Amino acid sequence: MEQTEQQYVTIKEFATLANVTTQAVYKRLNQTDSSLNKFVKYNGKMKLISKDALELFADAPINQQGEGDGIYEDLSLQAQTNLFSSYFDATLKVLSEQISSKDQQIKQLMDSNTDQHLKMQQQLEMKDKQLQEQLSAKDRQIADLQKLLDQQQQLHRAEQEQFRLIATDANKEEKKGFFKRLFHKKDVEASEA
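The opening residue of the sequence shown carries number 1 in our numbering; numbering runs sequentially from there.
Calculated directly from the structure, the hints in this document are not laboratory data. Be a bit skeptical, because a hint or two may be false.
Derived CB-CB ranges, DEER-like [to be verified]: (1) M46 to E97: 38 to 46 angstroms; (2) I99 to Q134: 46 to 54 angstroms; (3) S101 to K47: 37 to 45 angstroms; (4) D144 to I106: 23 to 31 angstroms; (5) Q122 to S86: 51 to 59 angstroms; (6) Y26 to D115: 25 to 33 angstroms.
Calculated lysine to any residue pairs in the SDA-like style (CA-CA distance at most 25 angstroms, straight line) [as the list claims (entries may be wrong)]: (7) K51 to T21; (8) K127 to Q146; (9) K45 to Y8; (10) K45 to E13; (11) K38 to F57; (12) K12 to Q78; (13) K27 to V9; (14) K127 to Q116; (15) K12 to Q116; (16) K129 to Q108; (17) K41 to L29.
This structure is a prediction, so every number in the text was calculated from the model and none was measured. Don't be surprised by glycine CBs; every beta carbon is placed ideally from N, CA and C.
Please take these sequences and the hints and turn them into a complete structure.
Rendered as structure tokens:
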């Protein structure tokens with residue numbers, strides 16, 4: 001019984017021995033007319049497969065290789081090389097497409113970033129222009145207010161000067177008037193008498 005147990009291996013171990021993937025083994029097992037199913041045995045929930053089934057996966061039967069027969073080995077190596085080469089080419093193609101896609105995304109992001117930068121720069125220039133216009137308008141308002149203030153001060157000085165002159169004239173007349181009245185009264189009294 002030990003001998004039969006040693007001939008059975010797990011699907012993963014079988015795939016490694018057959019030099020194929022576990023998916024390839026399961027694919028062959030799931031085929032309805034698969035001759036591989038007669039080599040399957042269940043140990044509880046674990047599916048085991050006989051090492052004898054390796055002959056179904058080999059390029060040529062393992063037992064039939066002779067001493068001078070390196071062709072089968074070469075074919076197997078050639079098949080492996082072809083498999084790796086096609087896998088490498090497919091991987092390279094996928095990676096190249098991903099790089100190309102990423103390059104395109106980077107270009108789009110850079111273009112978008114450049115567009116946003118230009119828009120922001122235009123907005124800043126417009127704001128600067130508006131601020132310059134507002135500052136110029138404020139400068140004009142300040143200059144106009146300064147002129148008005150100067151005119152107001154000149155008018156105020158002129159009014160003060162005029163009041164001073166009027167006050168000086170009034171004082172002179174009052175002084176004359178007082179003496180005139182005084183002398184005028186004497187003149188009027190003298191002429192009445």
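Going through the hints against the structure:
Between M46 and E97, the C-beta spacing of about 40 angstroms keeps the proposed range 38 to 46 angstroms intact. A hinted range of 46 to 54 angstroms holds for the C-beta pair I99 and Q134, which are about 51 angstroms apart. For the pair S101 and K47, the beta carbons lie near 40 angstroms from each other, so the given range of 37 to 45 angstroms is met. Hint check: D144 to I106, Cβ distance near 56 angstroms, so the stated range 23 to 31 angstroms is violated.
Between Q122 and S86 the CB atoms are about 54 angstroms apart, so this pair conforms to the stated range of 51 to 59 angstroms. At about 52 angstroms, the beta-carbon gap between Y26 and D115 misses the expected band of 25 to 33 angstroms. Of the pairs offered as hints, the one joining K51 and T21 holds, with about 16 angstroms between alpha carbons and a cut-off of 25 angstroms not exceeded. Of the supplied pair hints, the one linking K127 and Q146 is violated, its CA atoms being roughly 28 angstroms apart against a limit of 25 angstroms.
Using a Cα cut-off of 25 angstroms, the hinted pair K45 and Y8 holds, with the two alpha carbons roughly 15 angstroms apart. Our distance criterion of 25 angstroms between C-alpha atoms is met by K45 and E13, whose separation comes to about 16 angstroms. Under the criterion of a C-alpha separation no larger than 25 angstroms, the hint pairing K38 with F57 is consistent with the structure, at around 14 angstroms. Distance restraint check for K12 and Q78: the Cα-Cα separation of roughly 23 angstroms lies within the 25 angstroms cut-off, and the hinted pair is therefore satisfied.
With a C-alpha separation of about 17 angstroms, the suggested pair K27 and V9 falls inside the 25 angstroms cut-off, and the hint holds. Only pairs whose Cα atoms come within 25 angstroms are accepted, and K127 paired with Q116 is accepted, the gap being roughly 16 angstroms. Distance restraint check for K12 and Q116: the Cα-Cα separation of roughly 55 angstroms exceeds the 25 angstroms cut-off, and the hinted pair is therefore not satisfied. Taken as a hint, the K129 and Q108 pair is broken in the structure, with Cα atoms around 31 angstroms apart against an allowance of 25 angstroms.
In summary, the hint linking K41 to L29 is supported, as the alpha carbons are separated by about 12 angstroms, within the 25 angstroms threshold.
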